[in-house]
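**Q** Given only the sequences and the hints, what does the whole structure look like? Please build it.
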Amino acid sequence: MNAKVLIADDEPNIVISLEFLMKREGYDVSIARDGQEALDAIRSLRPDLVLLDVMMPLKSGIEVLQAVRADEAIAGTRILMLTAKGRETDIAKGLALGADAYVTKPFSTRELAERVRRMLSP
Numbered sequence: 000m001n002a003k004v005l006i007a008d009d010e011p012n013i014v015i016s017l018e019f020l021m022k023r024e025g026y027d028v029s030i031a032r033d034g035q036e037a038l039d040a041i042r043s044l045r046p047d048l049v050l051l052d053v054m055m056p057l058k059s060g061i062e063v064l065q066a067v068r069a070d071e072a073i074a075g076t077r078i079l080m081l082t083a084k085g086r087e088t089d090i091a092k093g094l095a096l097g098a099d100a101y102v103t104k105p106f107s108t109r110e111l112a113e114r115v116r117r118m119l120s121p
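Per numbering that gives the first Met the number 0, the very first residue in the sequence shown carries number 0; after that it's consecutive.
FYI, nobody ran anything at the bench for these hints, they're computed from the structure.
Check each hint, because a few of them may be wrong.
Said to hold, decoys possible - Pairs of lysine to aspartate or glutamate, EDC-like flavour, derived with a Cα cap of 16 angstroms: (1) K3 with E24; (2) K58 with D9; (3) K84 with E10; (4) K104 with E24.
Said to hold, decoys possible - Cβ-Cβ distance ranges computed for the label pairs, FRET-style: (5) P11 with Q35: 12 to 20 angstroms; (6) R77 with F19: 14 to 22 angstroms; (7) A95 with R23: 27 to 35 angstroms.
Beta carbons: idealized from backbone N, C-alpha and C, even for Gly.
**A** What follows is the structure in structure tokens.
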């Protein structure tokens, strides 16, 4: 069975490129375009990995991350923060709040695909 990847980002061009990349890697892909939609999708779809943008409408990626880690049913969901916020304090905050990985935009698609593969390998 293919791993399920949820892309949570409000930027259409990023979503298109990430969706293409993840499908090319063989993953089942779902999309959420704001933080609330992402949280609802995590609860209903139970993805193996979430590519989570920090700056989104309704709920930020940080709020989504905190809600996921606080909910026992979905707390184990792997989350890769994918964001333009690349200052060391932003990265430290994301990791301290429970992100499994943190990648800054712009990113290398090859490196991102490799990071996702490593995160999803048993």
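**Q** Now tell me if each hint is right for this structure.
**A** Hints versus structure:
1. K3 with E24: Holds. K3 to E24 sits at ~11 angstroms (cutoff 16 angstroms).
2. K58 with D9: Holds: K58 and D9 sit about 11 angstroms apart, inside 16 angstroms.
3. K84 with E10: With Cα atoms ~14 angstroms apart, K84 and E10 stay inside 16 angstroms; holds.
4. K104 with E24: Violated: K104 and E24 sit about 20 angstroms apart, past 16 angstroms.
5. P11 with Q35: 12 to 20 angstroms: At roughly 18 angstroms between Cβ atoms, Q35 and P11 fall inside 12 to 20 angstroms, so the hint holds.
6. R77 with F19: 14 to 22 angstroms: Because 21 angstroms falls inside the window, the suggested range holds.
7. A95 with R23: 27 to 35 angstroms: holds (33 angstroms)
Consistency with the previously given hints fails for number 4 only.
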